[in-house]
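A.B. asks: Sequence:
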Amino acid sequence: NSFCTLLEPLCYLVMPRPCAVDTTREQSRAEIERDAAALAELVHAARHVVVFTGAGISTSAAIPDFRGPNGVWTCRDAGRAAPECIALEQAIPTPCHRTIQRLVARGDFKYVVSQNVDGLHRRSGVPRDRLSELHGNSFLDVCWGCGADNEHTTQVPSGANGNARCATCLERVPHFCHCTGEACRQCGGPLRDSIIHFGENLPEQALNRAYRHARRADVCVVLGSSLTVSPANEIPKIVADRGGKLIIVNLQPTDLDGRACLRVFARTDEFSELFERRLNALKNSDAAESAAAETASLASTRTVAHAVAPPPRAFALCNT
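If you read the sequence shown in the UniProt record's numbering, its first letter stands for residue 1, the second for the next number, and so on.
Do not rely on the hints blindly, as some may be mistaken.
[Stated by the list, open to error] Below, in silico cross-link-like pairs of lysine-lysine (PhoX-like), each with a Cα-Cα straight-line distance of 25 Å or less:
| # | residue 1 | residue 2 |
| --- | --- | --- |
| 1 | 245 | 110 |
| 2 | 110 | 237 |
| 3 | 110 | 283 |
| 4 | 283 | 245 |
In short, the hints are calculated from the structure, not lab data.
As the structure is a computational prediction, the values presented were derived from the model and not from experiment.
All chains should be modelled from the sequences, with the hints used to inform the complete structure.
C.D. replies: See the structure below:
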């Protein structure tokens, strides 16, 4: 489909060729449970948690990543065919996406920064104002003139004027025609897809929001990212540089492993489910303790009130 046959080959040609040797490792179940419990404690005590996601959280939705054991670049360097990719319209949010959505809705996660263009965060229910999609969204078109955007149920087309022959696009980007062939309803200008290819600038508003939340964060949880693509990978660095805790959950090593206070080699679906379960247990325990304390406080108040209550007033009987 268009996602795997158009976007990925272009990115592969434009970006310097990576060394895509499979370096995957996976911890034991007991180790994953231990680390899930540790993250639950960190998030439970945190004030502002930012989540940073990469392609690894979507592989169980049949959307291949780039550097995993069956990643596009790993397969190409090994001389194997690139993996099949589901049509994005048919993809459904993974258990990891669902966990993120629930914790955003509850306020445990304050903001999500994603490098993915599959639209699964939005489809899972993460609100637009709690999400920065730094590399775009395959279902979103934008007007470069007035800034209007539109979300669709099918992938937005591109290259309407030919990939290397669109003069208006080449004034702003180096390699690609983003024109969809449709006009903006607000200003009449040409609509473009929102995908960011290598060598193109990231969307300014989304990037600024991500920077703002990173500067406020005391915890950053990286899920399914190799942290090799800049400037998106600056977000976790900002949190670590400012003294925040960095947690990385990914099957392959990253350049920021040495900065992480917790480094987990696990599949994000399995880990996120265990983590959410432990976090819920902590919150339930807090709720039970709070209820018990409130009950004890009420009982104490009643006891004190009874102990200091004045005796009944005596009334003299008067003869009339």
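A.B. asks: Indicate, hint by hint, whether the structure satisfies it.
C.D. replies: Results for each hint:
Taken as a hint, the residue 245 and residue 110 pair is honoured in the structure, with Cα atoms around 15 Å apart against an allowance of 25 Å. Between residue 110 and residue 237 the CA atoms are separated by roughly 18 Å; this keeps the pair inside 25 Å, and the hint holds. Between residue 110 and residue 283, the direct Cα distance comes to roughly 17 Å. Compliance with the 25 Å bound is thereby established for this hinted pair. Taking the CA atoms of residue 283 and residue 245, the gap is near 21 Å; set against the 25 Å cutoff, the hint holds.
In the structure shown, no violation is registered for any of the earlier numbered hints.
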